[in-house]
Amino acid sequence: MDKVLDLGTIDYLTAYEVQKNCVRDVINGDEQALIFCEHPLVLTMGRLASTEHLLLSEDELVKQGVNVHYIDRGGEVTLHTQGQMVVYPILDLNKHKKDLHWYMHQLEEVVIDLLTQFAIVARREKDQTGVWVRAKKLASIGIGVKKWVTYHGVGININTDLNDFQLIRPCGLDVTMTSMATEKNQTIDILRAKTMFIRSFNKVFQTQFKKGQ
Amino acid sequence: MADIILPELGEGVKEATIACWHFSEGDTITTEDDVVELVTDKATFNVPAPANGTLKDIQYKDGELAAIGSVLARIE
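For the protein sequence lines, the chains are A and B, in the order given. Residues in the first sequence are numbered consecutively from 584, following our numbering. Residues in the second sequence are numbered consecutively from 80, following our numbering.
These are computed hints drawn from the structure, not numbers from a lab. The beta-carbon is built from N, C-alpha and C at its ideal position, and this holds for glycine as well.
List time: in silico BS3-like cross-link candidates among lysine-lysine, alpha-carbon distance up to 25 Å: (1) Lys730(A) to Lys586(A); (2) Lys730(A) to Lys140(B); (3) Lys730(A) to Lys681(A); (4) Lys777(A) to Lys767(A); (5) Lys719(A) to Lys709(A); (6) Lys767(A) to Lys719(A); (7) Lys678(A) to Lys794(A); (8) Lys777(A) to Lys678(A); (9) Lys793(A) to Lys586(A); (10) Lys93(B) to Lys681(A); (11) Lys786(A) to Lys720(A); (12) Lys678(A) to Lys786(A); (13) Lys729(A) to Lys140(B); (14) Lys719(A) to Lys777(A); (15) Lys135(B) to Lys730(A); (16) Lys678(A) to Lys730(A); (17) Lys681(A) to Lys603(A); (18) Lys678(A) to Lys93(B); (19) Lys709(A) to Lys720(A); (20) Lys678(A) to Lys603(A); (21) Lys767(A) to Lys720(A); (22) Lys729(A) to Lys93(B); (23) Lys135(B) to Lys729(A); (24) Lys603(A) to Lys793(A); (25) Lys680(A) to Lys93(B); (26) Lys678(A) to Lys729(A); (27) Lys93(B) to Lys709(A); (28) Lys730(A) to Lys93(B).
Examples of chain B residues toward chain A, derived with CB under 10 Å: (29) Glu87; (30) Leu88; (31) Glu90; (32) Gly91; (33) Thr96; (34) Cys99; (35) Glu116; (36) Asp120; (37) Phe124.
Just the calculated beta-carbon pair ranges, DEER-fashion: (38) Glu104(B) to Lys794(A): 47 to 53 Å; (39) Asp136(B) to Lys794(A): 48 to 54 Å; (40) Glu614(A) to Asp141(B): 33 to 39 Å.
Model the full structure from these sequences, guided by the hints.
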């Protein structure tokens, strides 16, 4: 049986250690994991990230209490903050499909399905990764893979303070971000969003994750 | 002797960038080790050692682009 871990609000690097341990366990044959968390405001730089997309210097960011971490995922700079639901699927693609694009496409499908359950019409953007609502981006994806076991994942803006995104050019794009709360004009119950995400994830990936394990 | 080959990463993926080598030429590696990390747009991928031995003949430096199927290095 696959397991769900809800880490609550947790420092980025502490959650990264949890991911690494889960990856090691899955490689050794343990159950797959779906890790949910929120991070206090932090910027992470993927392997292809350019500091040009930071709109303040790193020194200035640190002075403002915003840490910048250089990490082993694909993609550009991204931002995590409270109100953003971060999901790290630790999935064994040997049991699904050994295809990076397929996996990211399926992750997008999970988010699109989740948003449909909240009556938000979402879509993909040609030649981009992530999920958009009209011309605004709502979810960002960046992954890592080790022995075909996945880590890192997706950040979905639920009740995110979108002003935080003024610190960066998200994913190196001139894009405006949005959130589910903005789209619905009301605060979203994040626990409900987690339950719905698990449902969408199981539907798309044919998994059997259950909350409360 | 075994070649370390840039593996198939999925439909439509024709090449990948070398993000970093985890080992240097002359290092002893085992099949437990990831030798090199690749990056392709939004994903990183770690290539495990195909055999135990000594890492030789690294063909691509960090930041260089390599096609799927390329020999990245050898293990002797």
